[in-house]
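Colleague: Below are the chains, spelled out letter by letter.
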Amino acid sequence: MAKRQSDGPEKTEIDMTPMIDMTFQLITFFMFTLNFSTAVQDDRIQLPSSQLAKPAKGPAEDPITLQLMLDGSVIYNGEAVPLREMGGYLENEKRVLISASKEPSAATVIVRADGRSKTGEVQDLIKLCQEKGFEKFVLRAEYDESRKK
Amino acid sequence: MAAQREKLPDKISIDMTPMIDCVFQLITFFMLTLKTVISEGDFQIRMPQGVSAGAASEDAVPPVQVKMRADFDGKLAGITMNGQGVPDFDQLRRKVIDLVGTGPGSNADKTEVELDCDYNLKYINVVNAISAVSGVPQADGTTIDLIKKIKFTPPKRR
Chain A
1 MAKRQSDGPE KTEIDMTPMI DMTFQLITFF MFTLNFSTAV QDDRIQLPSS
51 QLAKPAKGPA EDPITLQLML DGSVIYNGEA VPLREMGGYL ENEKRVLISA
101 SKEPSAATVI VRADGRSKTG EVQDLIKLCQ EKGFEKFVLR AEYDESRKK
Chain B
1001 MAAQREKLPD KISIDMTPMI DCVFQLITFF MLTLKTVISE GDFQIRMPQG
1051 VSAGAASEDA VPPVQVKMRA DFDGKLAGIT MNGQGVPDFD QLRRKVIDLV
1101 GTGPGSNADK TEVELDCDYN LKYINVVNAI SAVSGVPQAD GTTIDLIKKI
1151 KFTPPKRR
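Line order of the protein sequences matches chains A and B.
Position 114 of the first sequence, counting from 1, maps to 114 under the numbering used here, and the rest follow consecutively.
So the numbering used here is basically just the index in the second sequence, starting at one, shifted up by 1000.
It should be emphasised that the hints constitute simulated quantities derived from the structure, not laboratory data.
Only a predicted model underlies this, so the values are computations on that prediction, with no experimental measurement involved.
Fair warning: there could be bad hints in the mix.
Below are the DMTMM-like pairs computed for lysine to aspartate or glutamate, each with C-alpha atoms no more than 25 Å apart in a straight line [what the hints assert, rightly or not]:
1. A:K57 with A:D42
2. A:K54 with A:E145
3. B:K1149 with A:E61
4. B:K1156 with B:D1073
5. A:K132 with A:E61
6. B:K1110 with B:D1145
7. B:K1148 with A:E13
8. A:K54 with B:D1140
9. A:K127 with B:D1010
10. B:K1067 with A:E135
11. B:K1149 with A:D144
12. B:K1151 with A:E91
13. A:K11 with B:D1073
14. B:K1011 with A:E13
15. B:K1075 with A:D144
16. A:K57 with B:D1042
17. A:K54 with B:E1112
18. B:K1035 with A:E91
19. A:K127 with A:D62
20. A:K127 with B:D1116
21. B:K1151 with A:E131
22. A:K132 with A:D62
23. A:K57 with B:E1112
24. B:K1075 with A:D71
Given these sequences and hints, build the entire structure.
Modeller: Right under this line is the structure:
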């Protein structure tokens, strides 16, 4: 037994080449799939899907993202705010725009509403924005590629 | 010189450990920052507050009125376009094509759609209606544009 052990090589060399090849492939894959998009998305919202909702060509001007949840509250800056309290926050947005010498009508309000939420609530939210002088609205939907005929 | 060459070992083994460490760190970083983003699209709507009715130009066609009624649960109970019942959104699209036409000479840019929805109607129906009136998806991924101007009637509570 003791003789056998001394017969073996002192150091076993493993060929690392295939592993390194594969590892670099993985790195390349993950590097290319890395995206730096700052688009606001939230798992609590289940967007309605549409074939005609084409991805925006460029970033919107002064975007304000309002996400309407199924229960009627709005996710604004990551916090859930009841719909009726949104007026104050929108007033703040308006003041910020005016202090930067911009008109509220130039800003884009991105509405990400849950597909199951009530239309009336979406309209109430849009109405609140209109009262503060916002004019440009974007209704966001999931781009549905699967239903291509 | 010849003697020196003979002294060199046959195979130079490079220590791979630091490189592999570093490569695995990189993999871990890229794996953890992997974010699957669902592609999203937009419907642009311009809705200034309190536009006076007289502001519309004279050659403008009166808006196409699309009414959507909801049942108690918010499910779509019926669609009407200019007072006529429409069974589904595909039929709505066909009616819009009949009305404005496609290609050159189309009235699509002059026409406006006014959506009148029940308060508790599920929002997905609104998106479907906007999809139906705003374009025809083609098999090659392009779209034939229909009516792009969309407005809403004021929300009404039950």
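Colleague: Would you mind marking each hint as holding or not holding in the structure?
Modeller: Hint check:
no., hint, result
1, A:K57 with A:D42, "holds (21 Å)"
2, A:K54 with A:E145, "holds (10 Å)"
3, B:K1149 with A:E61, "holds (20 Å)"
4, B:K1156 with B:D1073, "holds (17 Å)"
5, A:K132 with A:E61, "holds (17 Å)"
6, B:K1110 with B:D1145, "holds (13 Å)"
7, B:K1148 with A:E13, "violated (68 Å)"
8, A:K54 with B:D1140, "holds (14 Å)"
9, A:K127 with B:D1010, "violated (80 Å)"
10, B:K1067 with A:E135, "holds (23 Å)"
11, B:K1149 with A:D144, "holds (22 Å)"
12, B:K1151 with A:E91, "holds (24 Å)"
13, A:K11 with B:D1073, "violated (73 Å)"
14, B:K1011 with A:E13, "holds (12 Å)"
15, B:K1075 with A:D144, "holds (21 Å)"
16, A:K57 with B:D1042, "holds (10 Å)"
17, A:K54 with B:E1112, "holds (20 Å)"
18, B:K1035 with A:E91, "violated (33 Å)"
19, A:K127 with A:D62, "holds (19 Å)"
20, A:K127 with B:D1116, "holds (15 Å)"
21, B:K1151 with A:E131, "holds (16 Å)"
22, A:K132 with A:D62, "holds (15 Å)"
23, A:K57 with B:E1112, "holds (24 Å)"
24, B:K1075 with A:D71, "holds (17 Å)"
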